[in-house]
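Participant: Listed here are the chains, written in short residue letters.
There are 2 protein chains.
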Amino acid sequence: MAVEAKVTWQEGMRFEGTASSGHTVILDSSAEHGGQNAGFRPMELLLVGMAGCTAMDVISILRKKRQKVTGFEVRVRGERAEEHPRIYTDIHVEYVVRGEDISPAAVERAIQLSEEKYCSASAMLGKAARITSSYRIEPA
Amino acid sequence: MAVEAKVTWQEGMRFEGTASSGHTVILDSSAEHGGQNAGFRPMELLLVGMAGCTAMDVISILRKKRQKVTGFEVRVRGERAEEHPRIYTDIHVEYVVRGEDISPAAVERAIQLSEEKYCSASAMLGKAARITSSYRIEPA
Chain R
293 MAVEAKVTWQ EGMRFEGTAS SGHTVILDSS AEHGGQNAGF RPMELLLVGM AGCTAMDVIS
353 ILRKKRQKVT GFEVRVRGER AEEHPRIYTD IHVEYVVRGE DISPAAVERA IQLSEEKYCS
413 ASAMLGKAAR ITSSYRIEPA
Chain H
293 MAVEAKVTWQ EGMRFEGTAS SGHTVILDSS AEHGGQNAGF RPMELLLVGM AGCTAMDVIS
353 ILRKKRQKVT GFEVRVRGER AEEHPRIYTD IHVEYVVRGE DISPAAVERA IQLSEEKYCS
413 ASAMLGKAAR ITSSYRIEPA
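Residue numbers (my numbering), protein chains in the order written: chain R, 293 to 432; chain H, 293 to 432.
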């Protein structure tokens with residue numbers, strides 16, 4: 293299966309990004325790098341994509357495990373190398389699950405399945421960066 | 293330097309994504325996977341980010357080389373593995389530069405600098421996928 297994406301130059305460092313699903317997003321650099329911060333930095337989108345990828349896995353698995361999730365966030369923090377090409381060398385993923393009687397074992401298993409089996413984005417970025425994770429369960 | 297991103301569950305498979313720059317984007321899966329296509333697939337954002345990353349490099353370099361660019365697009369196509377975790381195994385990047393008297397050598401050099409030196413996203417995804425590229429120059 294193929295996935296397509298495209299960015300079209302607008303002006304300065306601003307681009308409109310689109311992909312196969314038909315949605316659009318604006319990308320821009322900071323003023324420091326000649327842009328106007330009218331949109332996401334490209335490297336931010338890698339982390340948003342990775343967060344979304346594992347988040348969709350985990351929420352699906354928690355529902356299959358009949359967990360009563362009322363709120364769910366995935367926070368990702370990437371540390372970049374000092375030298376070009378300035379990849380992320382370390383990425384930490386924090387899962388925050390809110391709900392009633394959420395089972396820590398279910399959360400751990402869901403995260404493990406995403407990390408080890410399902411999440412395509414983590415599998416790719418994990419070839420270049422060291423990925424670590426943690427989770428927190430909060431009351432509904 | 294650290295970059296942060298976060299996705300917050302809205303409902304079904306829909307998440308709102310944000311990052312350090314303060315922008316937001318909606319992520320969702322297809323109906324086939326329990327979503328409503330209200331936003332990008334997470335794996336699309338990796339390709340949009342990669343396209344934007346190399347596009348910003350190339351447009352910056354072409355301007356430094358005083359090329360009169362009037363239009364510019366970067367199209368990316370990723371082929372996914374059949375088996376989980378379904379990474380991109382092959383990514384092709386096509387650069388389309390429009391303008392007056394655009395020098396093919398300048399375009400080639402700009403692409404090479406992005407691929408080999410500057411583009412953080414290509415450097416990361418290139419650890420997992422085979423990346424190829426091509427370019428086309430069109431009249432203004």
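Hint data in this document are derived by calculation from the structure and do not stem from the laboratory.
All values reported here derive from a predicted model rather than from experimental measurement.
Incorrect hints may appear among the rest.
Chain R residues, not near chain H, derived (Cβ > 12 Å throughout) [said to hold, decoys possible]:
#: 1; residue: E296
#: 2; residue: R358
#: 3; residue: A398
#: 4; residue: Y410
#: 5; residue: S426
Computed cross-link-like contacts, BS3-like style, restricted to lysine-lysine with a CA-CA straight-line distance of at most 25 Å [stated by the list, open to error]:
#: 6; chain 1: R; residue 1: K409; chain 2: R; residue 2: K360
#: 7; chain 1: R; residue 1: K409; chain 2: R; residue 2: K357
#: 8; chain 1: R; residue 1: K419; chain 2: H; residue 2: K419
#: 9; chain 1: R; residue 1: K419; chain 2: H; residue 2: K356
#: 10; chain 1: R; residue 1: K409; chain 2: H; residue 2: K409
Ideal Cβ placement from N, Cα and C applies to all residues, glycine included.
Participant: Work down the list of hints and note, for each, if the structure agrees.
Facilitator: Verification of the supplied hints:
no. : hint            : in the structure
1   : E296            : 5 Å, violated
2   : R358            : 16 Å, holds
3   : A398            : 16 Å, holds
4   : Y410            : 6 Å, violated
5   : S426            : 14 Å, holds
6   : R:K409 - R:K360 : 24 Å, holds
7   : R:K409 - R:K357 : 17 Å, holds
8   : R:K419 - H:K419 : 6 Å, holds
9   : R:K419 - H:K356 : 33 Å, violated
10  : R:K409 - H:K409 : 32 Å, violated
Checked against the numbered hints above, the structure breaks hints 1, 4, 9, 10 and satisfies the rest.
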